[in-house]
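In the order they appear, the protein sequences are chains A and B. For the first sequence, our numbering assigns the number 1 to the initial residue and increments by one for each residue that follows. For the second sequence, our numbering assigns the number 1 to the initial residue and increments by one for each residue that follows.
What the hints contain is simulated information worked out from the structure, not anything from laboratory work. Treat the hints with caution; some may be incorrect.
[Claimed, not checked] On the chain B side, residues computed to face chain A include the following (Cβ under 8 Å):
1) MET1
2) LEU7
3) ARG27
4) PHE36
5) LEU44
6) LEU74
7) PRO176
8) GLU186
9) LEU210
All C-beta atoms, glycine included, are put in the ideal place defined by N, C-alpha and C.
Spelled out, the chains give:
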Amino acid sequence: MSSPVIGISFGNTSSSIAYINPKNDVDVIANPDGERSIPSVLSYVGEDEYHGGQAFQQLVRNPKNTIINFRDFIGLPFDKCDVSKCENGAPVVDIDGKAGFVIARGEGKEERITVDEVVSRHLNRLKLAAEDYIGQTISQTILTVPTDFTTEQKDALAQAASKIGLKIVQFINEPSASLLAHVEQFPTEKDANVVVADFGGVRSDAAVIAIRNGVFTILATAHDNKLGGDNLDAELIEYFAKDFESKNKANPRKNARSMAKLRANAIITKKTLSNATSATISIDSLADGFDYHASINRMRYELTANKVFAQFSNFIDSVITKAGLDPLDINAVLLAGGVSFTPKLSTNLEYTLPESVEILGPNNKNASSNPNELSASGAALQARLVADYDTDELKEALQPVIVNTLHLQKDIGLVDATGAFVPVLSKETYYPVQKKLLLKKVSGDFLIGVYEGDSHIEERTIEPETKDEKAADGEDSESEWSDDELEIVRERKYTLGTKLMELGVKGVKNGLEIVFNINKEGVLRVTARDLKTSQVVKGEL
Amino acid sequence: MISLPPLTSDITVSVNSSAKLTEAIRRPIEPVGKHFMHHAQRTLRNHTWSEFEKLEAEKNVKTVDDSNVDPDELLFDQELADETLLSHDPRDWKTADLYAAMGLSQVRFKATENQIIKAHRKQVVKYHPDKQSAAGVGLEQDGFFKIIQKAFETLTDSNKRAQYDSCDFVADVAPPKKGTKYDFFEAWAPVFASEARFSKKTPVPELGDLTTEKKDVEAFYSFWHRFDSWRTFEFLDEDVPDDSSNRDHKRYIERKNKAARDKKKTADNARLVKLVERAMNEDPRIKLFKEEEKKEKERKKWEREAGARAEAEAKAKAEAEAKAKAEADAVANASAKADKKKAKEAAKAAKKKNKRAIRNAPKEADYFGDADKAAAIDEQVGLIVDSLDDDQLVTVADKIKAGQAKEGLQEIAVVLKDAGKLPASLLPYFI
Ligand SMILES: Nc1ncnc2c1ncn2[C@@H]1O[C@H](COP(=O)(O)OP(=O)(O)OP(=O)(O)O)[C@@H](O)[C@H]1O
Ligand SMILES: [Mg+2]
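For reference, chain A alone in the conformation it holds in the complex (with noise of 0.2 Å):
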């Protein structure tokens, strides 16, 4: 048996990665240690080398030679690098006009590692816990990227990769992929807008994804390198310091040590308040020997962290913004990301958004319970479907005359009964395209009208209660009530737009079949066909 191609989903904070297992489902892989969200650190000891949560413990007693968050780098020139990011682990430093680390290998010995070797050594190891867990040597894998790494990112990439002997097949978007892991795991033949919100632990990233007869395009995206979990265990620590310096008036932020302690032990105490309602935090000797011993709840934290909140929420405004849409527009939105754990984020958003945004975090039972795994588990149903195809036939099929389609801007529909435009084929429907309406049992002569339709958003304020039924209740003691909340109720309102065609069919005795097709050059076919007699009525635009 050939080797399966797997996923693999690389991030700056952690990486996962997945396979379709015999049975065929999805199986994210547990390095050796057991960890399915494996820490992207690396850190050298003397001659040894760490990786995944071992070296991620290192943060603390060996920052120096410990390498953290250099996912973002490959590929960029060293003045591109945001160096900051690497503040708690390795310093970022400029070898041959790259990113690099200094590190020390005992013995006064120094290597000098550019970011590409470190994301070699990174994915070899991803690759080797793979290969343990299959038992298979593995070459092949599906990559997932931002969507703003550029060609030379991804160039970089595919190189360190095939360092180590493994071939990047292809690269995907990370929503994406974890839009087609949702997807798989609760399909829907609906077509609908989904912002798919990743956030990670150094950069949040969003994008406003229409999927339309199953296929995805991406309306708009939306960055923020300076958002993600750390913002948040920023809040903790800064909580837990002032604590502590209350208690006991020693300072731990003056120490790089204690703040790696605290550090550490505040990302443990926000996992832990994504399940419980509250967390204890512990340390032993902290700041000038003083132990450290607390308890926060969930209220409190999501108080201290409310500005980090908010944010996370308006950033999901804005996408809709960019992409030109209303909130109305949205059908859901779909939590990624290790962040998206956390219950605030969900409710938050349930509250900001209009109530027909579905929320699909890991507490809707419609959605996966682990946000931080969906991309792998895209990339690797990815992998299995490539693995089908040789390497032109995947080549021919990613070419940009079959990638870039036209897209309709108007929706195109039947008018029903009652008069009103119902939408077939939505805005954004790529196309050639084709689409059937099954009208099952009819029966008599029918009028189909075809148009394109108009929208608008219209906005309507419903008062309360009537002054009348105020009265009728006998009590008029307080005259003041009727400054009680307005409710405005928003909608999307359909209206017929340019007529199209109309198309007449009669003596229907048993269903119908309306078929809308529009071909590569956008002409617009309409087809109805009796389904008794098989009698066909067409027309073309």
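Assemble chain B with the ligands onto chain A, guided by the hints.
This is chain B with the ligands only, laid out in the frame that chain A set:
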């Protein structure tokens, strides 16, 4: 489902040929997922939709055929899991991994009888000495075939299989390494699942997760505390010589084996006890329950002390009320005092004013036409003013205000004289 309007005029097809679709935008679609792949194929091959549907339909049939493979087959090893088995000495078959020899290295104790038979058939076909020599493979593989046969024999005899499974340490799942970071449930569930295979009692309760109820968690640990294991260690026995020549030696070996078995069994039980103990100590739910219990106790205590607390509260309330009253009284007193003082001051001011009015009255009235006697008049009025009581002051002042200064002063001079307050000799002008 949409309901269409009825046909009212006689049209079959009427295309609005002047209409144009709103300008479309070209943008990339995401090259992921099967729907994209279908799109790519259709476009590449220039298939019409119906052609494509036909092709897909054929493909679907094929995939259904493909998946017709026996699900058991998927569980079998594709290749020999351990190549060294090929050169393993068949006389030492007991030290070989029998499941691996059968191609069941991933299934192990979970293998059903049926799967063992199927797996065996597969191995026989592949490793039968006839087949092998035909393929020109050396004789040593004869040995491996013998191991397969031994494995089959062992695994299809329930008694022997129990003995073998007892000593199949490969299937054991080690508890998570102490000091490493792990998720309790992820790390421990497989450990208990593997230990569960030795339970005499079934079903074995599962570890569950954070949401498992307290009574189930307790049932879980009480099950494991009282775990009744059928694990035995016969399989590791030293072979008992079967020649009957040396009975003593045979008995000696048998005794030695029994002792070794017992020792291993004791050790294994102890190992399990420790393992369960450790899991319980690490179990976040137990910690949670303890905390809850503590809270509950505190709450109970709080309730128990409710009576005493109510009394104390009542007392405190009474005290507070008394204090509030005292404070209010003090405030009232103070303000009353202030009021009085104010009234007094007002009265004083009024008096002063009246006195001044009286003193000035003669001058205002041009000394009643006797300006030459001004000094005497002023002196006498001064004497009058000083002798007036409060009421008289008011009366005289009122009179003066009414413009009858002289009359007023004359009247009061008489009154004062009559009262003996001033002798008439001092007030010659008015009397
Ligand atoms: N259970 C949890 N609750 C809250 N936060 C969590 C949880 N698990 C992980 N995180 C946080 O999520 C962040 C990491 O998310 P993720 O693994 O998606 O990042 P990444 O993709 O590697 O990083 P980036 O997107 O910045 O490149 C960290 O801040 C981590 O602390
Ligand atoms: Mg990320």
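Against chain A, is B/LEU210 within 8 Å by beta-carbon distance?
-> holds, 7 Å
Interface hint status, B/LEU74 versus chain A (Cβ within 8 Å) | With Cβ-Cβ at 5 Å, under 8 Å, it holds.
Holds or violated: is the Cβ of B/LEU7 closer than 8 Å to a Cβ in chain A?
-> holds, 4 Å
Chain A contact restraint on B/ARG27 - CB to CB distance below 8 Å | holds, 6 Å
Hey, does the B/GLU186 contact hint survive, CB to chain A under 8 Å?
-> holds, 7 Å
When the nearest CB of chain A is found for B/PHE36, is that gap smaller than 8 Å?
-> Since chain A brings a Cβ to about 6 Å from B/PHE36, closer than 8 Å, the hint holds.
Hint validity - B/MET1 Cβ closer than 8 Å to any chain A Cβ = holds, 6 Å
Does B/LEU44 pass the interface hint, meaning its C-beta sits closer than 8 Å to a C-beta of chain A?
-> holds, 6 Å
Holds or violated: B/PRO176 as interface residue toward chain A, Cβ cutoff 8 Å?
-> holds, 7 Å
The earlier numbered hints are all upheld by this structure, with none contradicted.
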